[in-house]
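Visitor: Start from the sequences, fold in the hints, and give me the full structure.
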Amino acid sequence: MNGREKGGDPDDALIRATLAGDDGAFGELMERYKGRAFAVAVGIVGDGDAALDVVQDSFIKAYYKLKEFRFGSNFYTWFYRLLVNQAIDRWRKVARSAEVPFDESWLSGDASPPGAFAYPRTPEDFARDRELGDVLQRAVDSLPEYHRAVIVLREVDGMAYDEIAKVLGCSVGTVMSRLHYARGKLKEILKSHREG
Amino acid sequence: MDCRAALMNIEAKADGLLPREAEAKLAGHLAGCAACAAEDAAILATGPALRALTGIRAMEKAPALDAMWTRVRAGIEESREARRRPSWIARWAWVCAAVALAVVALLFYPAGTDRPPFHPSSFDVAVEEVESEVATVALVDKGEDLPRVIWIIEDAKT
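If you read the protein sequences in the order shown, they are chains U and B.
All residue numbers for the first sequence refer to our numbering, where the first residue is 90 and numbers rise by one.
All residue numbers for the second sequence refer to our numbering, where the first residue is 55 and numbers rise by one.
Hints are supplied without guarantee of correctness; some may be wrong.
[Unchecked claim] Pairs of lysine-lysine residues, derived as DSS-like cross-links and limited to a Cα-Cα distance of at most 30 Å, are as follows: (1) U:K276 x B:K79; (2) U:K280 x B:K79; (3) U:K274 x B:K67; (4) B:K115 x U:K123; (5) U:K280 x B:K67; (6) U:K156 x B:K67; (7) B:K115 x U:K154; (8) B:K67 x U:K255.
[Said to hold, decoys possible] Chain U is nowhere near these chain B residues, computed Cβ spacing over 10 Å in every case: (9) R74; (10) K79; (11) A151.
By construction, these hints were calculated from the structure, which means they are not laboratory data.
Keep in mind the model is a prediction, meaning the values are calculated, not measured.
Every residue, glycine too, gets a C-beta built ideally from N, C-alpha and C.
Guide: So this is what it looks like as structure tokens:
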């Protein structure tokens with residue numbers, strides 16, 4: 090019986106197989122989390138290409154650090170800690186080097202604002218409202234890095250408070266206060282955009 | 055429930071942490087208070103807005119994301135190769151550094167002893183055995199009739 094067939098957490102089986110030399114098992118593990126990882130990374134760094142680099146580097150780092158993983162804990166919590174740190178490092182480098190202009194190339198279609206404003210709920214909504222996409226991106230970019238990480242992990246990934254606390258190495262109370270601050274700021278910006 | 059209590063509960067409701075009874079009371083308040091209802095809608099809107107924003111980026115980068123394993127595997131192989139490859143640059147840099155260190159040390163060769171004072175033209179530098187991690191660097195003093203070894207660095211130890 091190989092590592093992949095053992096019972097228990099399916100991530101654990103893939104981790105054991107990887108540690109035994111089965112790189113394909115790590116590929117399987119990566120496939121499970123790459124979508125979520127990208128969403129978190131792009132939420133923090135704000136740029137698609139940079140987020141791809143962050144995801145790639147995080148998985149490579151995870152591969153080589155996998156022997157440090159403690160069985161019994163969650164792989165994704167462990168991995169997200171690498172990912173978020175990698176994303177924040179990337180963001181700091183970019184922020185230090187230059188002000189990153191908002192990339193509007195992903196927004197297409199009618200540039201005119203909609204007659205009756207509605208908060209966007211789908212990518213199609215955003216494509217109809219380029220200005221709002223710009224506003225929201227700037228709002229996210231203006232948040233301090235750990236506030237941005239908290240709101241992305243909560244709202245984009247759906248992580249629970251205690252999981253976010255483990256990923257960021259802080260208390261649940263800190264997570265709640267950062268989330269409150271970040272939500273408040275995004276809410277105000279969206280609101281002023283709606284009213285303005 | 056008053057507006058203050060409602061505002062405190064709105065965020066907990068957004069995260070699914072509000073007990074059912076408190077949620078029912080909040081719903082009753084929101085039904086009759088436009089200001090709190092607007093606040094509730096604004097808080098609830100931030101999550102979908104963020105998800106939509108990241109969703110667009112994910113759609114745009116879907117082909118690259120599909121090829122992520124190729125990128126990661128290549129990165130792993132590259133790192134593996136780099137770990138296997140002996141670092142010739144680092145090795146030669148170590149030898150050069152050792153020689154430089156020895157020369158600097160000789161410049162402070164103690165005067166007032168039996169030995170003649172150090173003169174830059176009176177020594178040879180012999181570098182031996184650089185095939186492995188161990189390097190031997192010998193400085194040979196030719197200032198007297200018979201050459202003598204005055205400084206040896208071997209494996210980073212003098």
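Visitor: Would you mind marking each hint as holding or not holding in the structure?
Guide: Status of the hints after comparison with the structure:
1. U:K276 x B:K79: Holds. K276 (chain U) to K79 (chain B) sits at ~23 Å (cutoff 30 Å).
2. U:K280 x B:K79: 26 Å, holds
3. U:K274 x B:K67: 18 Å, holds
4. B:K115 x U:K123: 12 Å, holds
5. U:K280 x B:K67: Roughly 20 Å separates the two Cα atoms, so the pair holds.
6. U:K156 x B:K67: It is violated: about 40 Å lies between the C-alpha atoms, which goes past 30 Å.
7. B:K115 x U:K154: Holds - the C-alpha atoms of K154 (chain U) and K115 (chain B) are around 27 Å apart, at most 30 Å.
8. B:K67 x U:K255: Distance of about 23 Å is within 30 Å: holds.
9. R74: 19 Å, holds
10. K79: Given that every Cβ of chain U is farther than 10 Å from that of K79 (chain B), nearest at about 21 Å, it holds.
11. A151: Given a closest Cβ separation of 29 Å, the condition holds.
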